Amino acid sequence: MTPRRKRMLVVGLILLGVSIAAFFALTAFQRNLLYFFTPTQVAAGEAPKGYPFRVGGLVVPGTVQREASSLAVKFTVSDGTATLPITYTGILPDLFREGQGIISIGKMNEQGIFEASEVLAKHDENYMPPEVADSLKQGGKMPTTYKDYQK
Amino acid sequence: MTSELGHLALIVALLMAILQGTFPLAGAALGVPVWMSVGRAAGRAQFFFLAVAFACLIDSFIVNDFSVRYVAEHSNSDLPLYYRIAATWGAHEGSMLLWAVILGLWTFAVTVFSNSLSEEFLARVLGVMGLISVGILLFILLTSNPFERLVPMPSDGGDLNPLLQDFGMTIHPPMLYMGYVGLSVAFSFAIAALLGGSLDSAWARWSRPWTLVAWIFLTFGIVLGSWWAYYELGWGGWWFWDPVENASFMPWLVATALLHSLAVTEKRGAFKAWTVLLAIFAFSLSLLGTFLVRSGVLTSVHAFASDPARGLFILVFLALVVGSSLLIYALKAPAIRDTARYTLISRENLLLLNNVLLVTAAASILLGTLYPLILDAMKLGKISVGPPYFSSVFAPLMAPIVLLAGIAPLFAWREASMPKLIRQLRWLAPLSLGLGIASTALFWSLSDIKTLAGLSMAFWLVGSAGISLWNRIRLRETALDGLRSQSPSFYGMTLAHIGIAVFLVGVVLSSSYSEEKIVRLAPGDTVQLGSYTFTFKGVTDVVGPNFKAQEGSFVVETDGKAVAHLNPQKRIYKVQRNTMTEAAIEPGLTRDLYVALGEPMDGAAWSVRVYYKPFIRWIWLGGLLMMAGGLCSVADRRYRLASLKTVEPHTSAAMRKA
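Keeping their order, the protein sequence lines are chains X and D. According to numbering that gives the first Met the number 0, the first sequence is numbered sequentially starting from 0. According to numbering that gives the first Met the number 0, the second sequence is numbered sequentially starting from 0.
Since the hints were derived computationally from the structure, they do not count as laboratory data. Keep in mind the model is a prediction, meaning the values are calculated, not measured. Idealized CB from N, CA, C, for every residue including glycine. Hints should not be assumed to be uniformly reliable.
Capping the alpha-carbon separation at 25 Å, the derived lysine to any residue pairs in SDA-like fashion look like this [what the hints assert, rightly or not]: (1) Lys573(D) <-> Glu97(X); (2) Lys73(X) <-> Pro47(X); (3) Lys547(D) <-> Ser484(D); (4) Lys266(D) <-> Ile13(X); (5) Lys73(X) <-> Tyr50(X); (6) Lys73(X) <-> Lys573(D).
To give an idea of the chain X side of the interface with chain D (calculated C-beta under 10 Å), a few residues [unchecked claim]: (7) Leu8; (8) Leu12; (9) Ile19; (10) Phe23; (11) Ala43; (12) Pro47; (13) Arg53; (14) Val59; (15) Ala67; (16) Ile90; (17) Glu109; (18) Ile112.
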């Protein structure tokens, strides 16, 4: 082989490798996308069945119920227009509290309850996940007590 | 007054940066020596004024000057002194100031260690750094001034975010920024070399130690961040593929590629154009990281506050830096000629492969990080990319890198002899696979392919490092003589590659064999995890300087012997009323025992998380070994002898010898 053809071979092999990597990346990418839905969208039936997605809203005061003997907990989130019941088993994050904006990852079950595999409440009490803030604003239900960080 | 003094010093620093960014570049272009000499003085003056500004801000924190808005928002008179000082860079404004100060520090270092650089080259390097500094300082002064006053002055401050009141978090930002900003030196060298048309191996030799030092800091910063997330967030993970983590990891991957590519450019005079491009990418990704973290576009603990003006400013700055440097590259790169020739099977090509893989990995992370943001910005829906994406893309890309990292040092430059390589490696592959199988079968389950592959690769790395060391010393009279005659940079490389092996062991074992239980425990209850029994003794109230806490008491026993007393806390900080989980960890080389309190349940019961994490320390140990390898290499004498004035290309001498 001439040096030129060898170089071409190297370049060809690299291109092949990169395309295989790109293929794997994009396939994995497709499978791991999580879409965000508001409780209103879920109520309208827009959320997928049997496929995980993210949902967010404010925890409705007075709805948090713990089971006495296990770590199961039930609560309801709201975006001001619609509400969605959520069940979760495990330890809630430190910043989880009634009235707080949270994000949850999970699936809808047959009874129309969101079974959460993860509940996220980040930062501090003034912070609201941007998705939640947007959906509250859309419904015109943004509480005035929040410092509006996410303008 | 301190605050106004700091503000003034910052403005003077901006003036110095403007001087530094204009005269030297113009002088180098037009050949005016006096203009070129402005760079050194202006750079040092700029650093001095930045240091003054930074000291003023620290002082405002120390004396609790709550008339300064930034201090009032992020400090409190109950905050211990150490954290009051660290709070200086605990939020947006101060941490941008820290960024600028560190850029000043690197500028100062360049002016000090530049005796062997030609005046023209130094002028261009300082000019480029000056322009970067102008951008950052304008950003601080126009959108994020930490010296702004607050009227009326509050009686006390809003306190530092409790998550940041921690030792690891106080030194993580400075270390990370030393790395981020340090890459600006490699970037400036590359741009200066492009402008001056002096892309030779002397340029690469000059650029290498700077890149290496920046890379060491970046590595340390990332290790610290990961360690902090592990013990402070209370869920025992060490990496979450959070956009903010990705923001620091992408420049690291590209900087690692750059280090390897610089080696080829220095030793062989090849890959010149590619190396320059990597230097541009590495710093651009650092800036992108700053943009992602500082603009508040991310849902993350790091997004302290967001303001569209800030995001827009950094985005425009980023576009200017990337755009102009790529423009210079496009104009100048066609003139770059690689002098070296090499064959298919050569170290050059293996390092090329390493570069391709590392850059592909960085690109796939970039895709996963930016895609949701772009989609959101175009109002096409809100999505997030889950950690499985990153792990499933990252692992297949890293496996060949690990295999290559082992054997690449055995390959000769220019043309490697395949029969000789096969002779050296024929036992290594079955041996490392055998050891991998044996260790997996002995301690864990043989059906665990992931562990088996990971451990075999770790043995492969260590074994090939041993072979390459043996190759080098066997020709000497005695082994000791041979060991002594090797260069520090060889040891550095070997150590860093062994660091990958150690890291790998930590990753596969802790991910496959960690045990986790989330249970409800009343005082006196026990929970069994592997061979360890955790007994919950109850909870008592304790009081800290700025928080109250409930402290749990756990005794861990194995084989009837107590191995640890763990006291995890649930803290409530007085000012922000935030609850914080302080996990208790019993560290060990082969396993960590980890307890975190969940929530109080009925009666005196608590929900509790307990973890058994085998070999998790090896993850950070591996990172520290890579760092140590970097330090070893920096100590190499030839960097101190490096000179740009001797334009005799190193490569042509090497070619003649070959």
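Hints and how they fare:
With a CA separation close to 19 Å, the supplied pair lysine 573(D) and glutamate 97(X) stays within the 25 Å bound. With a C-alpha separation of about 21 Å, the suggested pairing of lysine 73(X) with proline 47(X) holds against the 25 Å cut-off. A threshold of 25 Å between alpha carbons decides the hint, and for lysine 547(D) with serine 484(D) the separation of about 59 Å lies outside it, so the pair is violated. For a cut-off of 25 Å, the pair hint linking lysine 266(D) to isoleucine 13(X) stands: about 23 Å separates their Cα positions.
Straight-line distance between C-alpha atoms of lysine 73(X) and tyrosine 50(X) comes to about 21 Å, which keeps the hinted pair within the 25 Å bound. Of the pairs offered as hints, the one joining lysine 73(X) and lysine 573(D) is violated, with about 29 Å between alpha carbons and a cut-off of 25 Å exceeded. Interface restraint check for leucine 8(X): the shortest CB-CB distance to chain D comes to about 7 Å, inside 10 Å, so the restraint holds. At about 9 Å, the closest approach between the beta carbon of leucine 12(X) and any beta carbon in chain D falls short of 10 Å, and the interface hint on this residue holds.
For isoleucine 19(X), the shortest C-beta to C-beta distance to chain D is roughly 9 Å, which falls under 10 Å, so the interface hint holds. Taken as an interface hint, phenylalanine 23(X) checks out: its beta carbon lies about 6 Å from the nearest beta carbon of chain D, inside 10 Å. Interface restraint check for alanine 43(X): the shortest CB-CB distance to chain D comes to about 15 Å, outside 10 Å, so the restraint is violated. Annotation: interface hint on proline 47(X) violated; nearest CB of chain D at approximately 13 Å, more than 10 Å.
Evaluation of the arginine 53(X) hint against chain D yields a held restraint, the C-beta minimum of about 6 Å falling below 10 Å. Given hint, valine 59(X) at the interface with chain D, is violated; its Cβ is 19 Å from that chain's nearest Cβ, farther than 10 Å. For alanine 67(X), the suggested interface contact is upheld, since its CB lies about 6 Å from the closest CB of chain D, less than 10 Å. With a least beta-carbon distance of about 4 Å to chain D, the hint placing isoleucine 90(X) at the interface is held under the 10 Å criterion.
For glutamate 109(X), the interface hint is violated, since its Cβ never comes within 10 Å of a Cβ in chain D; the closest pair sits about 24 Å apart. Taking 10 Å as the C-beta contact cut-off toward chain D, the hint placing isoleucine 112(X) at the interface is violated, the least distance being around 21 Å.
Of the numbered hints stated above, those contradicted by the structure are hints 3, 6, 11, 12, 14, 17, 18, listed in ascending order.
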